[in-house]
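Visitor: Here the protein sequences line up with chains A and B, keeping their order. Once you know that position 352 of the first sequence is 352 in UniProt numbering, the rest is easy, because the numbers rise by one and skip nothing. Once you know that position 302 of the second sequence is 302 in UniProt numbering, the rest is easy, because the numbers rise by one and skip nothing.
Think of the hints as simulated: they come from the structure by calculation, not from any bench. Check each hint, because a few of them may be wrong.
Here are some, though not all, of the chain A residues that point toward chain B, as calculated from beta-carbon distances under 10 Å [unchecked claim]: (1) His137; (2) Ser140; (3) Tyr169; (4) Ile195.
Even glycine gets a Cβ: it sits at the ideal position worked out from N, Cα and C.
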Amino acid sequence: MTSVPMTQSSMSEGSASEGPLLVVEDLKVTFPTEDGPVTAVSGLSYSVERGKTLGIVGESGSGKSVSSMAVMGLHDAKSAQISGSIRVGGTELVGLNESKMRALRGNSMAMIFQDALAALHPFYKIGKQLEEAYLVHHSSASKRDARRKAIEMLDRVGIPQPDRRVDDYPHQFSGGMRQRAMIAMGLINDPALLIADEPTTALDVTVQAQILDLLQDLQREFNSAVIIITHDLGVIAEMADDVLVMYAGRCVEYGTVKQILTAPEMPYTWGLLSSVPDVLASTDARLIPIPGNPPSLLRPPSGCSFHPRCVHSDKVPGDLCSTELPPLLPASVGAAHLRRCHLADPSAVYQSEVLPEIAPDLVEETR
Amino acid sequence: MFAYVVKRLISGVLVVALVSMAIFLLFWYGPSSPAQTVCDRETSNRCGDRIEIYERTLGYDNPVYEEYGKFVQGVFVGRTITVASNEYECTAPCLGLSFVTKQPVKEALVDRIPATFSVAIGGAFLYLLFGIPIGVAAARRRGTLADKALVSSFLFISSIPYYLFALLTWLYLTITFEIPFFSNTGYFSPITEGPWAWFSGLFLAWVALGIFGCTQYTRFTRGAMVEALSEDYIRTAKSKGLPTRTIVYKHGLRAALVPVVTIFGIDFGTLLAGTIFTERIFEIQGIGWWSLQAVQNRDLPVVMATALFSAVVLIISNLLVDIVYSVLDPRVRLS
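Please work from the sequences and hints to get the whole structure.
Guide: Take a look at the structure:
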């Protein structure tokens, strides 16, 4: 592997003495298929502290969900090969036996999923599903305790009349309420780490904002570390402290939310920013889609995985982009900002070529 | 819910009425008159002009609607049937007298129900007992060699026609290997002839039905289970830290059972309505065999009785399936 794993110090600037809650180092997830092994995630490293939010952005198939499911240990051991290191609160999860893993799952770390209608069991009442999540990690608790806890959590996430709605089935809830119930179920055991896999993708825009607010409130209350997986940069801007941009199973850019959104240094991140419509932007601003499709992970492109779709690869001398995988190196400005690109001065290219296209008014301001 | 059941029952009565009319008409205008068959048999094929007597006795000299009217009247209020100057008082629900045995059909039907129900319940019990757990086990080992071997061998068995399968089972176990336990097949009343006679007489039929049904139910269960286990809520259950057993059975099988129960309800209704091949091959005096004999003998009252019995059983079992379905799946509300 040619990627350079990030060192812990490079990411956790000014970290507390206890260190980050979640540390992922050089994670690689491979699925053997009939057509050969598919490496869905490789050389991925990041860390999240308690009370902080990491946003993971990327297109479908970029490995964002696969990497988070690896953290939760949700991959079938028979069909996924996982290497590298995942440590939660100091415990190494890669290779941890199933019963210990199960004790952590839903307890110290929880995950909420994109489509709550599909992710909740259609045949069990909401309350029963919450109680089950509580009881499995509180073997001494009574059913009555569990029910009280379920009602309390439903109330906390803003379900009206929780003592009555606790006996509803998922299909009797609205989309937003289902996602709230899902969040209540994730947080019922007060997990230190919460992974939200596109928690607002299936919701109306107005409900999206409510759910994001709720997640932020709860994070402050529980002081949990949050990973939010999304392809929506709006969600990132709202929620994240740090951002990890993934492409074809690799981290291509990493930095604080400000660095990623204002001074991105990787053409793929530029592409993501260019594809965001902004209702308030001047009508001169263009919406520029990234050409092409995400690559097949079965036969990933040589060199930089993004080079077949990159419009800036001609600025790199020779055929470096198509022959050599660029290492993840510190960006030109800002500490802890890492990017994977062969461009000599990506910042200059962004300022002179990309920004005028996507945000002409912003360029005016800076002049 | 109540209104739904009433509605379904009313439509069920309509179906039964239509079935009875259709059978009556088919027999009345069919190519060989029941009177001819009965006459030929009772006069040793020297029927000749005596056909008229038989037609009169069986009511074939009357218009069809009049005879059908008599049948319906018999079902609801009973009627008096005259056979060779003997009057028989047939109380409601009267299903008439058999053309062949001259015995009341209703009593004969009631006599044969225990045999058919014994076959159906025993066979269904066996195939559910083995089919569902094997299906679950195969789904959990999906794609492995064991799963593939199981699925293809079961597919092989279920692609043999059932009558051939049952016949081979009977031939091998009773004739070729002469296993005494299996040899005396048939229905014996568990009360008058003892439960052991009942059990050993029906056992082979259960085995044949059980194995054949098991292959099908294994495949249904496996398919439903593979689908259920790939659902998002299974991943949620896993992410909650639930033990594998809870995930597979409480979350997976609970969902997979819904389609299996639906198929089973209809299958079981069909079994209860009479298993013609099973009863014929294993010489069980049940409704299936009886209906087969009745068709061969053009015994219209018996054909009517068995057909109406099947229709009623199927309608009830379909209704029960719908009710059970709404209980199993809270998203389905009957209205």
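Visitor: The structure should be examined with respect to each hint, and the outcome stated for every one.
Guide: Here's how the hints hold up against the structure:
no. : hint   : in the structure
1   : His137 : 6 Å, holds
2   : Ser140 : 16 Å, violated
3   : Tyr169 : 5 Å, holds
4   : Ile195 : 9 Å, holds
When each numbered hint is compared with the structure, a violation occurs for hint 2 only.
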